[in-house]
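Peer 1: When you line the sequence shown up against the numbering used here, it's residues 1 to 203, in that order.
Heads up, some of the hints might be wrong.
Capping the alpha-carbon separation at 25 Å, the derived lysine to any residue pairs in SDA-like fashion look like this [what the hints assert, rightly or not]:
| # | residue 1 | residue 2 |
| --- | --- | --- |
| 1 | K62 | V92 |
| 2 | K198 | T174 |
| 3 | K32 | L22 |
| 4 | K62 | M96 |
| 5 | K32 | F17 |
| 6 | K32 | R110 |
| 7 | K32 | R64 |
Bear in mind the hints are in silico, worked out from the structure with no lab data behind them.
From a predicted model like this one, the values you see are computed outputs, not experimental measurements.
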Amino acid sequence: MVDSLTHRILITGASGFVGSALLQLLARDHGKCEVFAFGHGKGQMNPIDLMDRSAVEAAIRKTRPTALVHLAAVAAPADARNAPRHAWDVNVTGTMNLAESAMRHAPEARFVYVGSSEAYGASFQSAAGRPVTESEPLRPTTVYGATKAAADLMIGQMAYDGLRAVRCRPFNHTGPGQSDAYVVPAFARQVAEIVAGKSEPVI
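Turn these sequences into a full structure, and let the hints steer you where they fit.
Peer 2: Written out as structure tokens, the structure reads:
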């Protein structure tokens, strides 16, 4: 249980699929926590450009978080493939700006970096059917995977310099409200259209 009297939680990407779920969880279970939601959705969101170092620093100074959950990213692999420079800017440089600001203005804060299993890339093939563990080398094969692997390694290095980091590499996760830019809801939409007779029975 989070100590609601002391914790101030800053969430980037709060308007996204996972961010929205996290906000609901915090509101339900830890209603007295002070939560700062940064995203680009409707409602009580604070828009922030992670590429704007001054804006990022101002946000950290103002909120003085005790924990940061960094979810903001170019998160759809197809979007990263179509705009690779933007993906590198947001996923790596934006992450660096946030982490550096946290170290400078909220050094006691826990920094939760949400990466991706896409960072393992070719390690899935070399695993040859056995479970992939956290010790597998990061061998990304996609633009998205490469940006997440690079940011993951960067955060790992910054931990040696004092960043109180936790790195996560989640696999596919889905649920209500997820965009069909992702594989599971894309399949679900196609199946629903086939069942409704709106498209050919081919996925």
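Peer 1: Each hint: holds or not?
Peer 2: Hints, one by one, checked against the model:
In summary, the hint linking K62 to V92 is supported, as the alpha carbons are separated by about 23 Å, within the 25 Å threshold. A C-alpha spacing of about 24 Å is found between K198 and T174, which places the hinted pair at or below 25 Å, so the restraint holds. For the suggested pair K32 and L22, the alpha carbons sit about 15 Å apart, so the restraint of at most 25 Å is met. Proposed proximity of K62 and M96 is supported: the alpha carbons are some 19 Å apart, at most 25 Å.
Restraint check for K32 and F17: the C-alpha separation of about 23 Å stays at or below 25 Å, so the hint holds. Restraint check for K32 and R110: satisfied, since their Cα atoms lie roughly 19 Å apart, inside the 25 Å limit. At most 25 Å may separate the alpha-carbon atoms for a hinted pair to count; K32 and R64 meet this at roughly 16 Å.
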